[in-house]
Amino acid sequence: MSRHIISMKDFSRDEIDFILNKAREFEQIAQGKKSSLLSGKILATLFYEPSTRTRLSFETAMKRLGGDVIDLGAIESSSVAKGETLADTIRVIGNYADAIVLRHPREGAARMAAEYSKIPIINAGDGAGHHPTQTLLDLYTIMRESSLSDMRIALVGDLKYGRTVHSLAYALSLYHADMTLISPKQLQMPDVIKKDLKKQGASIRETANIEDVIGDIDVLYVTRIQKERFPDPAEYQNVAGIYRVTEELLGKARDNLIIMHPMPRVDEIDPSVDRTKYARYFQQSFYGVPVRMTLLAMAMEAI
Amino acid sequence: MKKDVTEKNPNSSLKKEMRVRPIRQGTVIDHIRGGQALNVLKILGIYGTTEAVVSVAMNVPSGFLGQKDIVKVEVRELEEKEVDRISLIAPDATINIIRDYEVIEKHRVVLPERIDGLVRCNNPNCISNTNEPVISKFMVNKKPVELRCVYCDHVISEGIAEHLI
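For the protein sequence lines, the chains are B and A, in the order given. Residue 1 is where the first sequence starts when you use the numbering used here, and the numbers rise one by one after that. Residue 304 is where the second sequence starts when you use the numbering used here, and the numbers rise one by one after that.
The reader is advised that the hints may include incorrect statements.
As the list claims (entries may be wrong) - No more than 25 Å apart at the CA atoms, straight line, and that leaves these computed lysine to any residue pairs for SDA-like:
#1 B:LYS194 with B:ALA240
#2 B:LYS195 with B:ALA234
#3 B:LYS22 with B:TYR48
#4 B:LYS195 with B:ARG205
#5 A:LYS384 with A:MET442
#6 B:LYS9 with A:LYS384
#7 B:LYS9 with A:GLU385
#8 B:LYS195 with A:ILE459
#9 A:LYS409 with A:GLU461
#10 B:LYS194 with A:ARG423
#11 B:LYS118 with A:GLU461
#12 A:LYS446 with A:PRO325
#13 B:LYS195 with A:LYS409
#14 B:LYS185 with B:ARG229
#15 B:LYS194 with B:ILE70
#16 B:LYS195 with A:LYS384
#17 B:LYS33 with B:ILE70
#18 B:LYS198 with A:VAL453
#19 B:LYS198 with A:GLU461
#20 B:LYS194 with B:ASP216
#21 B:LYS195 with A:ASN444
#22 B:LYS194 with A:LYS384
#23 B:LYS9 with A:PRO325
#24 B:LYS118 with A:LYS409
#25 B:LYS195 with A:THR433
#26 B:LYS82 with A:THR433
#27 A:LYS409 with A:ILE459
#28 B:LYS252 with B:GLN237
#29 B:LYS118 with A:ASP419
#30 B:LYS252 with B:ASP270
Keep in mind that the hints were calculated from the coordinates and are not lab data.
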């Protein structure tokens, strides 16, 4: 199956299940077992915005599968600084590599890149738009650490600008998850997205307090309030640090609760929570590797 | 565009309906939603300095729409792109093509499934609002009329006229 990976909306529930089940098979390789599945293949990474874990986990995934990685490098020292369009860069890199991982600050960049690319484009985040590989690793984490069926999940933080939660909420609606959206009023999920979710048959509640639901949920998905997404710095100051998950708050949690975070965190999860049985965010970042292995193998037609 | 049956003697009925004199040749755009006539003129590139003979009737009582606007442009017949643009702001409009005082063709505008290069995305951060070699593309929802950007997923549901290119 060779294809671009742009948005969760391009995947059916069956396709998502296929990816999650395949990722399970790749876990051992992600932990170091040798593989030459993508030997001779080259992945190009184009990051127009800073990224640590997404870039590194893609590189790790490619290398663990025996492939090579080329990187566009810092934007300031590349042809982009000379004014080259993304469309041109994509067509040039298409002559060098077998797939492209793209992160770009503009919404829709990956969709446009796919129109110009003869090799598969994997969207690693387009502005406040989609980030499907993050969503897939989030689903995988829930599958491995909790359960995707009859799941009650709360999404906390910046639900307005945070791209990961939009994609995730859409995917969760395919699993008929019971969702609670927790955010201050000014960071509520945009109506257009809620409307889409309801069209999928999703059950959604909204509240401003974690305390309201902490005793009723299986998954607490915490996000960082991202300063860089706010058009107005004053708006950011009003909501910065508004949520903080602490051991005390978790006193009312169910035994089987898991806490997830796409990372990096700032102060929304107290470090003392790391020691509790609930914390899964570091495990979650590991799961990025087998999931991205699966997507790379699919994009390069190795599975 | 779907063609209706041409009316046998349309001039008299149009005359009564339009409250303005019939034209010899050109286009009558009828059943425009009340208040949208000036936007239709904008789409047709008709501004204050035009030399074209144009008649506009606004807020005419209409059984179907409540209030409707009518635009008559003499001599000119519309291009398909112009009709597509009009359909976005006046989805119930009918286009009457007049030759020698006769309606020789009458059809309702049809909202296309997708529109390319007609509307600018309202998301300033969308890739289609950059110097990339890309034209805007939208999927059209018909009821209510909403445009969803193919690139960034943003939806334009109100004030479509303001985003026309």
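Hint check results:
Of the pairs offered as hints, the one joining B:LYS194 and B:ALA240 holds, with about 24 Å between alpha carbons and a cut-off of 25 Å not exceeded. Annotation: proposed proximity of B:LYS195 to B:ALA234 is violated, straight-line Cα distance about 29 Å (limit 25 Å). Our distance criterion of 25 Å between C-alpha atoms is broken by B:LYS22 and B:TYR48, whose separation comes to about 30 Å. Taking the CA atoms of B:LYS195 and B:ARG205, the gap is about 13 Å. The hint holds against a cut of 25 Å.
This hinted pair checks out: A:LYS384 and A:MET442 have alpha carbons roughly 16 Å apart, not beyond 25 Å. Taken as a hint, the B:LYS9 and A:LYS384 pair is broken in the structure, with Cα atoms around 30 Å apart against an allowance of 25 Å. Between B:LYS9 and A:GLU385, the direct Cα distance comes to roughly 32 Å. Violation of the 25 Å bound is thereby established for this hinted pair. Among the hinted pairs, B:LYS195 with A:ILE459 is consistent with the structure: their alpha-carbon atoms are about 14 Å apart, no more than 25 Å.
A hinted pair counts as satisfied when its Cα atoms are at most 25 Å apart, and A:LYS409 with A:GLU461 does not qualify at roughly 28 Å. The hinted pair formed by B:LYS194 and A:ARG423 meets the criterion: a straight-line CA distance of about 24 Å does not exceed 25 Å. Distance check on the hinted pair: B:LYS118 and A:GLU461 sit about 37 Å apart at the alpha-carbon level, beyond 25 Å; violated. Proximity of A:LYS446 to A:PRO325 is assessed by CA-CA distance (about 33 Å); at most 25 Å being required, the pair is judged violated.
With a C-alpha separation of about 37 Å, the suggested pair B:LYS195 and A:LYS409 falls outside the 25 Å cut-off, and the hint is violated. Distance hint between B:LYS185 and B:ARG229 is fulfilled; the C-alpha atoms sit about 17 Å from each other, no more than 25 Å. Pair hint B:LYS194 plus B:ILE70 does not hold up; C-alpha atoms about 39 Å apart against a cutoff of 25 Å. Between B:LYS195 and A:LYS384 the CA atoms are separated by roughly 31 Å; this puts the pair beyond 25 Å, and the hint is violated.
Distance check on the hinted pair: B:LYS33 and B:ILE70 sit about 23 Å apart at the alpha-carbon level, within 25 Å; holds. For the hint pairing B:LYS198 with A:VAL453, the CA-to-CA distance comes to about 21 Å; that is within 25 Å, so the pair holds. Restraint check: the Cα-Cα separation between B:LYS198 and A:GLU461 comes to about 21 Å, which is no more than 25 Å; the hinted pair holds. Restraint check: the Cα-Cα separation between B:LYS194 and B:ASP216 comes to about 22 Å, which is no more than 25 Å; the hinted pair holds.
The suggested pairing of B:LYS195 with A:ASN444 holds, with an alpha-carbon distance near 14 Å, which does not exceed 25 Å. The suggested pairing of B:LYS194 with A:LYS384 is violated, with an alpha-carbon distance near 33 Å, which exceeds 25 Å. Distance check on the hinted pair: B:LYS9 and A:PRO325 sit about 52 Å apart at the alpha-carbon level, beyond 25 Å; violated. Between B:LYS118 and A:LYS409 the alpha-carbon distance is near 45 Å, which puts this suggested pair outside the 25 Å criterion.
For the hint pairing B:LYS195 with A:THR433, the CA-to-CA distance comes to about 28 Å; that exceeds 25 Å, so the pair is violated. A C-alpha spacing of about 16 Å is found between B:LYS82 and A:THR433, which places the hinted pair at or below 25 Å, so the restraint holds. In summary, the hint linking A:LYS409 to A:ILE459 is not supported, as the alpha carbons are separated by about 29 Å, beyond the 25 Å threshold. The suggested pairing of B:LYS252 with B:GLN237 is violated, with an alpha-carbon distance near 29 Å, which exceeds 25 Å.
With a CA separation close to 22 Å, the supplied pair B:LYS118 and A:ASP419 stays within the 25 Å bound. This hinted pair checks out: B:LYS252 and B:ASP270 have alpha carbons roughly 16 Å apart, not beyond 25 Å.
Violated hints, listed in ascending order, are 2, 3, 6, 7, 9, 11, 12, 13, 15, 16, 22, 23, 24, 25, 27, 28; each of the other numbered hints is respected by the structure.
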